[in-house]
Amino acid sequence: MMPKLTLVGAGPGDGELITLKGIRALQQADVILYDDLANYTLLEFAPERALKIYVGKRAGKASFSQEEINELIVRFAQEYGHVVRLKGGDPFVFGRGYEELAYTRQYGIQTEVISGVSSSIAAPASQGIPVTSRGVSESFWVITGTTRNGELSEDLHLAAQSKATVVVLMGMRKLNEICAIFCEAGRGHLPMAIVQNGTRADEQCVIGQVWSIPQLAAEQGVGAPAVLVIGEVVSLHPAYLAECMRSSFGVVEF
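Heads up: the sequence shown begins at 1 in full-length UniProt numbering, then just goes up one per residue.
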């Protein structure tokens, strides 16, 4: 029994968006530690004998600490063999995957990383919104909505001055503050979308402009988990023009 950790990106939510290599890792697992955002149907690929343990973390809910998860990985690898850490999206995109990898390596345990489809690209794409498009956007930022100390990333102030598409993950709790940054930078007119539960059957999408999005999100009851997309590429969504026409009768003119 050779202890091993495999970090597997489960993809953005749709269970069919995991890679073939990720499925093969699940089929060879002795233990699976899975996250809140990983589609539970993926556990069906694991052997019946494999331990399947939920270690999800979600703001406002009781959960394992990162330190506890790190320790579980090592303990189960040493006791059972192959541990698959199934993480939503891609394990290296705000997934704290590297922390788990580095901790495990300290114990001489073999490690492997299997990338996953990131929600930063897949959630907008599920709504037909490209993060880049020729003549519209030639680059994109992916920024966390909440840093380690619970504050907004300073990069948002820089991003608000850029012509790039800005994708914010884990930003719903600070939606008003994020929109205010763009408005203060004179970019309140930028097209913006919120995609909740991207690629899942219960996906919801709110389309508007930065200045109007907080109100629209409240009216439509959209919440986390969600991806925020800010930039001209959102104007390619079929609903964007209709929303602009509706909003043009309000206080703000475009």
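Honestly, I wouldn't trust all of these hints.
Calculated cross-link-like contacts (lysine-lysine; reagent style DSBU-like; alpha-carbon spacing at most 30 Å) [as the list claims (entries may be wrong)]:
id: 1; residue 1: K21; residue 2: K4
id: 2; residue 1: K52; residue 2: K4
id: 3; residue 1: K163; residue 2: K174
id: 4; residue 1: K21; residue 2: K52
Restraint-style ranges between C-beta atoms, simulated for each label pair [claimed, not checked]:
id: 5; residue 1: Q161; residue 2: Y40; range: 33 to 43 Å
id: 6; residue 1: R96; residue 2: E44; range: 21 to 31 Å
id: 7; residue 1: A102; residue 2: E184; range: 18 to 28 Å
id: 8; residue 1: A102; residue 2: H189; range: 41 to 51 Å
id: 9; residue 1: H189; residue 2: M1; range: 58 to 68 Å
id: 10; residue 1: Q110; residue 2: G221; range: 39 to 49 Å
id: 11; residue 1: G56; residue 2: G150; range: 18 to 28 Å
Keep in mind the hints are simulated off the structure, nothing from the lab. Cβ coordinates follow ideal geometry from the N, Cα and C atoms, glycine included.
So, going through the hints one by one against the coordinates:
1. K21 - K4: The hint holds at about 16 Å.
2. K52 - K4: holds, 16 Å
3. K163 - K174: holds, 22 Å
4. K21 - K52: holds, 19 Å
5. Q161 - Y40: 33 to 43 Å: holds, 41 Å
6. R96 - E44: 21 to 31 Å: Roughly 26 Å apart at Cβ, these two residues keep to the hinted range, so it holds.
7. A102 - E184: 18 to 28 Å: violated, 38 Å
8. A102 - H189: 41 to 51 Å: holds, 43 Å
9. H189 - M1: 58 to 68 Å: holds, 60 Å
10. Q110 - G221: 39 to 49 Å: The hinted range 39 to 49 Å holds for Q110 and G221, with Cβ atoms some 46 Å apart.
11. G56 - G150: 18 to 28 Å: Holds - the Cβ-Cβ distance for G56 and G150, about 19 Å, lies within 18 to 28 Å.
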